[in-house]
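Residue 1 is where the sequence shown starts when you use the numbering used here, and the numbers rise one by one after that.
There could be a bad hint or two in this list.
Listed next, with one range per pair, are the computed distances between beta-carbon atoms [said to hold, decoys possible]:
id, residue 1, residue 2, range
1, 37, 77, 14 to 22 Å
2, 96, 266, 33 to 41 Å
3, 326, 47, 51 to 59 Å
4, 232, 82, 38 to 46 Å
5, 38, 217, 53 to 61 Å
6, 326, 85, 46 to 54 Å
7, 39, 293, 54 to 62 Å
Worth flagging that the hints you see were computed from the coordinates, not collected in a lab.
Where a beta carbon is used, it is the ideal one built from N, C-alpha and C, also for glycine.
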Amino acid sequence: MTDRRRMAPQDATMYWLSKRTPNDQFLLYSFADAGVQTAELRAHIERRSAHIPDLRVRLREVPRDLDYPSWVRCEFSADQFVEHDLPQADWSHVQAALGELLGTGVDAADRPWRLHVFRGVAGAPMRSDAAELATVVVLQMSHALADGKRAAAVARSLFGKDDPLGRPPSPCHPERGSRLHGRFFAALRMTVGTLRVPIQVAQTMARGYQAYRAQRTLVELTESGRLPGPGPSFTPSAVNQAVAEANTAQQARMLVWDAGELRIPGRTMTVVALTAVSLALPNYLTTLGKPVDRSGAQVPMALPGKALPRNNYCSLGVDLHIDEPDLRRRADRIAAALSDRRTRAEHPLLSAQDRVTSVTPAAVLRRDLDRYPLDTVPDAISGHTVVSSVHRGSADLSFGGPVRFTAGFPAIGSVMHLTHGVHGLGDTVTISVHADAATITDIDAYAELLRSAVQQVVAAHAVPPTPG
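Using the sequences and the hints, build the whole thing.
Right, here's the structure in full:
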């Protein structure tokens, strides 16, 4: 029988990678500040989180990685609710503080999430009037705990109006009340893990051969035209070069719209955002004196069906077709490319390699991850930036006041020094920019290029396409 507490390899990968580079999820929500006391808000979070299984666990490793880590139950800790004092309680200082947060990481072996709270913020977007103050919260989560879709569902349980599970909380005990039990559990997991390794090795070999055969079939389907080909590759640009660790200060900006301003018949918000990035990023690189003739983006896509991994997604490499001057036609080509990548990613044969990973011994996967050269920029990459899009549902959330908008910030790394989040909530859409200061030296200038690009894309769809 499957041990559902035992982490899936995909999730353990996220945890082990976090030890080398920050990869936490950061979900920002802005609420109207109705003056509720912070102590009451803290009690509300402690009470709500007791009903949400994903928020009452922590990670426990197995010595010497003889098996994958497990999720064990735990209590809410007071330091999981952090109220921040700003030099000045306004939107610009919130964005500055957010940049500092984005470079941090929670320790999933202690607690895999933390809530950051900023009270009485003036000048936040989407306020009901100029005098309204905001409570801005940032839910920080270990990527091992949830991908973007799952994290949004957790946040909805935390800030929603209804009881998350409709049942009272049950007691949580990290070690079931004794250190002896903890030591016994660790020894048992080591023993089970040791006995499992020979079986996993045999399974890895068998599934490796199946993956090899699947790859041959994929090539045949692709060559015959029955399946779209793999995504393109690109030469790294100026936003993909290695940066000295001392210069990796992070920064973030948010552009918030009424969804009606961006809604284009026949276009998803993802395609609208990708088309805007196809304008803004090359224009920014041109201002640096480092223009490009091709540009691409990585687009995370949630995989269909219910799966054991908490991280159930893949990344699609999409050509942004910057050689097409007509923005309507460019959007058509981007949409077609995205559709092709999705069709290929959803083909059953593509999961063959995942089946290999699912039986790889933990120690082998950990060794490979530790040896992987994260600081090396390859000669060819699948995209110059990331554009991650998640709709977080209706705007019926509250936290001391009604919600106004949401935002998210895909992690940056040694190759991706600039990422974008596209997040909808109710009738609002936010396009976020996350970058390191060494690569995007003037993030406000880039944000304005992106804002202008969005407006150009919307305007281009208001007129008939050019002939040809």
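How the hints compare with the structure:
For residue 37 and residue 77, the Cβ-Cβ distance of about 21 Å falls inside the hinted range of 14 to 22 Å, so the restraint holds. A C-beta distance of roughly 39 Å is found between residue 96 and residue 266, which places it inside the suggested range of 33 to 41 Å. A C-beta distance of roughly 55 Å is found between residue 326 and residue 47, which places it inside the suggested range of 51 to 59 Å. Judged by the Cβ atoms, the range 38 to 46 Å given for residue 232 and residue 82 holds: they are separated by roughly 43 Å.
The supplied range of 53 to 61 Å is met by residue 38 and residue 217, whose beta-carbon atoms lie about 59 Å from each other. Evaluation of the 46 to 54 Å hint for residue 326 and residue 85 yields a pass: the beta carbon distance comes to about 50 Å. Separation of residue 39 from residue 293 is about 57 Å and conforms to the stated range, judged on CB atoms against 54 to 62 Å.
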